[in-house]
Structure formats: C-alpha cells, structure tokens
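Take each chain as given, in its own frame, and dock them per the hints.
Chains as they are written, first to last, in our numbering: chain A, 1 to 213; chain B, 1001 to 1118.
Hints are computed from structural coordinates only; laboratory data are not their basis.
It should be emphasised that the depicted structure is a prediction, and the values quoted were computed from it without experimental measurement.
The beta-carbon is built from N, C-alpha and C at its ideal position, and this holds for glycine as well.
Hints are not guaranteed to be accurate.
Claimed, not checked - Not everything, but these chain B residues come out facing chain A in the computed CB check (under 10 Å): (1) Met1038; (2) Tyr1062; (3) His1065; (4) Ser1067; (5) Ser1078; (6) Leu1085; (7) Ile1094; (8) Val1096; (9) Asn1103.
To be verified - Ranges of calculated distance between the beta carbons of each label pair, as one might list FRET restraints: (10) A:Thr33 to B:Ser1067: 14 to 22 Å; (11) A:Gly36 to B:Glu1112: 56 to 64 Å; (12) B:Ser1067 to A:Arg104: 28 to 36 Å; (13) B:Asp1101 to A:Leu169: 19 to 27 Å; (14) A:Gly105 to B:Gly1080: 30 to 38 Å; (15) A:His179 to B:Ala1091: 40 to 48 Å; (16) A:Leu76 to B:Ile1094: 21 to 29 Å; (17) B:Gly1042 to A:His179: 49 to 57 Å; (18) B:Gly1073 to A:Glu180: 24 to 32 Å; (19) A:Met100 to B:Leu1057: 24 to 32 Å.
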Amino acid sequence: MTGTSSDTPKEFFVIEDPHHGDDHGEHHHETGTMLGFWIYLMSDCLIFGILFATYAVLGQNYAAGPAPADLFEIELILVATFALLFSSITFGFAVLRMDMNDLRGTILWMIITGLFGAGFLYLELKEFTHLWHIGATPMASAFLSSFFVLVGTHGLHVLGGSIWLIVLLIQLGQHGLSHENKRRVMCLSLFWHFLDLIWIGVFSLVYLTGVLL
Amino acid sequence: MSDHAQGGHGTLKSYMVGFLLSVVLTLIPFWIVLGDVMDSTGWAIAIIFTLGATQMLVHIHYFLHVSLKVEAGWQVMSLGLTVLLLVIVMAGSIWVMFNLDENMMPAHEQIERVRNLP
Chain A
1 MTGTSSDTPK EFFVIEDPHH GDDHGEHHHE TGTMLGFWIY LMSDCLIFGI LFATYAVLGQ
61 NYAAGPAPAD LFEIELILVA TFALLFSSIT FGFAVLRMDM NDLRGTILWM IITGLFGAGF
121 LYLELKEFTH LWHIGATPMA SAFLSSFFVL VGTHGLHVLG GSIWLIVLLI QLGQHGLSHE
181 NKRRVMCLSL FWHFLDLIWI GVFSLVYLTG VLL
Chain B
1001 MSDHAQGGHG TLKSYMVGFL LSVVLTLIPF WIVLGDVMDS TGWAIAIIFT LGATQMLVHI
1061 HYFLHVSLKV EAGWQVMSLG LTVLLLVIVM AGSIWVMFNL DENMMPAHEQ IERVRNLP
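Pulled out of the complex, with its shape left as it was, chain B reads as follows (with noise of 0.2 Å):
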C-alpha cells in the first residue's frame, strides 16, 4: 500500500519542476499581451494557445500525477474519454456556429444583393 500512495503524490522536485515550468509558461503568454511584442494578432493568440495547453499538460503531469502505469490506468482512460468529449463538444460547437455567422449574412447585405440584382 505504502509504495501505491507514495507514487501519487510526487516528490519534491517533480513539484518545484512542475511549478517553475508553470511560471514560465504563464509568465511568456503575459508578457506577449502586456509587452505587445508581436505584431501578427494571429500568431500571438496561437502562441497563448499552444503555451497555455502546455501548461495544462505539465499541470496533469507534476500536479495531478495522472501516470500511464497500468494500476492507474482508470484515470489516463476517463480522462482520455473526456479529453474526446470536450474535443467533440467545443469544435463542433465552434465550427458549427462559424458557418451559421458566415451563411446568415445580416439584413442590410441581403437588401443591398437583391437590390443590385439585375
């Protein structure tokens, strides 16, 4: 039992590692907005998306200790299934709605098109 408790909880360094990492991937993300250092809105706001899903991978690594060792495997398996689901979720419900914007122009663009009609 002794060594199953032990082995989620961490140590010491995998803490102080887990947690200098999250500061450096909050602090990178900050200063990109505070700072205003890129140019490109696009690429700045792909940057902050990509460090801030690093940081929730560190985050289940050091902090939550999700392992991949066989005992544990319930928590990478429902976690894995939630992870599909959110994906399911948000795209789609992002992807979706985007094509609704595109497709229902506003009132004023279809009175201007049929007005222009021939």
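Okay, chain A solo, but in the shape it has when bound (with noise of 0.2 Å):
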C-alpha cells in the first residue's frame, strides 16, 4: 500500500508534464499545492480518527462523575450543525461566484460564511463554559477528557478556519481575483468542508449516541 501511495504523485507529474507549454506553467504548480493540501487534510483526517478511537474506547468511563445525558442539550447541538451546515453551503457559493470572476459576490459569500463559523464558536464556547462552571472539566473523569480533546481538537480547527477566512478576505481586498487567492480560496474550502465533514462524527458519536446510551 504505502508503495502505491508513494508512487502516485510521481506518476502523475509524468503524465501531465507533457501537457503544458509555458503559458500553463503555473497550472502544474497549482496541482501541486491542491495535492499537497489534500495529503494534509487526509494527515488530520487520521489525527482526529484516532481521537474519535479514543472517545469510542473511554466515552462510558463516567468514574461517578456525569453522563452525557446529564450535561449536552441537543437542541443547542442542532442549531451549531446548522450553523456549520449553512457555511457549506455559503462557502459553496462564494466558490460558485469566484468562478464567474465577481470579486463583490466571493467577499460578500465569504463573510457570510465567517458569520455561521463564528455563529458555531460561540455556541461550541457557550457549551464549554457552561459544563466547566458546572464542574465537567477534563479532569472529571476518562469520558470528559477525551469529550474536550475531540471537539476541543474540532473547534480549534474551525478557530483556525476562521482566522484563515478574514486573512484571506483582506488578501482579496488587496489583490482581487488573482490566481494565487483563488488558489487560497480553493485550499480553504476544502479545509471548511472538511471540517463540516469531522462534525458529523462529532454528532452523531458524541452527542446524539452519547445522549441515547
């Protein structure tokens, strides 16, 4: 397997060498960088894989402390997987826009989506705050660590997201349409529809089953 892996990209610059003359030379450049961010997304893919491991094999150890059924409310974990649903869709959007070259609709898209994501933070924070005044830290018991790392872990990544977004909105403001933002834009929506993607198995593992057991 890993011979195979290891093979690919190889093989895949041999094959679309020939393609390009100069005028195109950049095009092979941006395959590489939307290769590389892809390996990079497949690398904290298994980061949070083994997290969700962890969660599955600790989420029943309560040590007396509370269950999940005691401290999540769904309706709140409803409206936050909306929220990141919504910036989907609306990143989708912007990328819709940026392809018919209209700098104002991909900005314009693009706060939308940092609004939901910021929406999502400060309901994922509300959460946190309120289970440390109740006395769920990590430190609680097996189930609480590994809760906070997972969607702790999660929620640093949608942070990061974020930050990522208003630099980008500011190197659009500055550059326009060039074809490195659009590259950058094309990186960070991978990056948002990953995350939405991690959320998922947040939901349905964490909270939604957490809830039933």
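Structure below.
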C-alpha cells in the first residue's frame, strides 16, 4: 500500500508535464499545491480518527461523574450543526461566484460563511464554559477528557479556519481575484468542507449516541 | 486549464442537491433522539451511524468534489489509504479494548468467584 501511495504523485507529474506549455506553467504548481493540501487534510483526518477511537474506548467511563445525558443540550447542538452546514453551502456559493470572476460576490458570501462559523464557535464556547462552570472539567473523568480533546480539537480547527478566512478576505481586498488568491480560496474551501464532515462524526458519535446510551 | 478548474468546483445545482440531502440526513437523527421515537436504543444508534456515514459520502461527493476521474486519481487514492488506516486504527482499538474490558473483571467479581470455589 505504501508503495502505491508514494508512486502515485510521481506518475501523476510524469503524465501531466508534457501536456502544458509555457503559458500553463502555473497550473502544474497549482495542482501540486492542491495535492499537498489534500495530503495535509488526510493526515488531519487520521488525527481526528485517533481522537474518535479514543473517545469510543473511554467515552463510557464516567468515574461516578456526569454522563452525556446529564450534560448535553441536543437543541443547542442542532443549532450549531446547522450553523456549520449553512457555512458550508455559503462557501460553496463563494466558490461559484469566484468562478464567474465576481469579486464582490465572493467576498460577500465569504463574510456570511465567517459569520456562520463565528456563530458555531460562540455556541461551542458557551457550551464549554457552561460545562466548566458546573464542574464537568476534563479532569473529572476519562469520558470528559476524551470529549474535550475531540470536540476541542475540532473547535480549534474551526477557529483556525475562521482566522484564515479573515486573512484571505484582506488578501482578496488587496489583490482581487488573482491566480494565487483563487488557489487560496480553493484550499480554504476544502478545509472548511472537511471540518463540516468531521462534525458529522462528532454529533453522531458524541452527542446523539452519548445521550441515547 | 479552464475545464480542469471548472470540473473541480461543482455547479449551483450540485451544491444545492448536496445541501438538501445533508439537511435531511441531519434532521432525521436529531428527530430520532429529540422525539424519542425509537423503542430499541441499538437500532436507533445503528440508524444514526448509517445516516452519518451517508452524509459523509454526500459531503465528499458534492462539497469536496472527489471524483474517480483518472486525472484526479491521487485524491481517491489518498482518501482510500486514509480510510483503510482509519478502519484499522478505529476498529482495532475498539475491538481490543472491548475484549480487555470483558476479560478484566472488576475485583469484587473475582473475589466472589474465589469464594464460591468448592
């Protein structure tokens, strides 16, 4: 398996190279960036996979502390889930606007995406401070340790994505829809959709299943 | 170059289809939990996980635009490798730790067992 994965990029470049003349030199570079970013996402996916496995193993050990049914407010999680889902589709709209070379539309939809992301972060912060306030800290039980690591890591990713989005908005304002900026928007788009995908696992395993058990 | 770039971005229609499918696939599991509609917890969890996995596939197809085309084969290849590693890590840890739980009985049960020996 490792042989196949390390061979693929080489083969890919060997095939792609002859197709492009001088004017398409940047395309080669762009595909390389997208490939590299995709591999980063896949490695990030492995990190989350390990955190999910940790939660699946430790999630039932409450150490006489609170259980998910005592702590989680599913209505709040539903709102947070939809905030993230809406931010995914609005980022899709931003990419579509970018394809039409509409700078204003791209920036507008990206701002809306950022607002939904901020809403998600606000709800998560509210939940965490509430849990902390009632004594459900990571120190209380193995369940809470693995919960805070998994959900917290996802939250930090969303925070990182939001900061990236703000930086990208500044870059778009300065340089417009240049070739580099289009590539950056596509990378952030992948990252943002990926975070929404991880969240599906979080609400299915941690919140919904946790409350049922 | 332009057709390559367009091919990776999707269309308004594909985004809307993905979005609507996601909304339905999100609402059903939340409805199951909030409405308390299932008698059997095991079945409810099975449905939640099936719908979650389906929604992940929807996202991969409609939002991440992973395609099986040859020129984008590296995407599918690396995704396949990641899924394989994930399955090994997750199924492996859950299996091993479950067995450990089963076989390492709490101390009081062991004391009870020794007491009952003939």
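Of the hints stated earlier, which fail here? 4, 9 and 13
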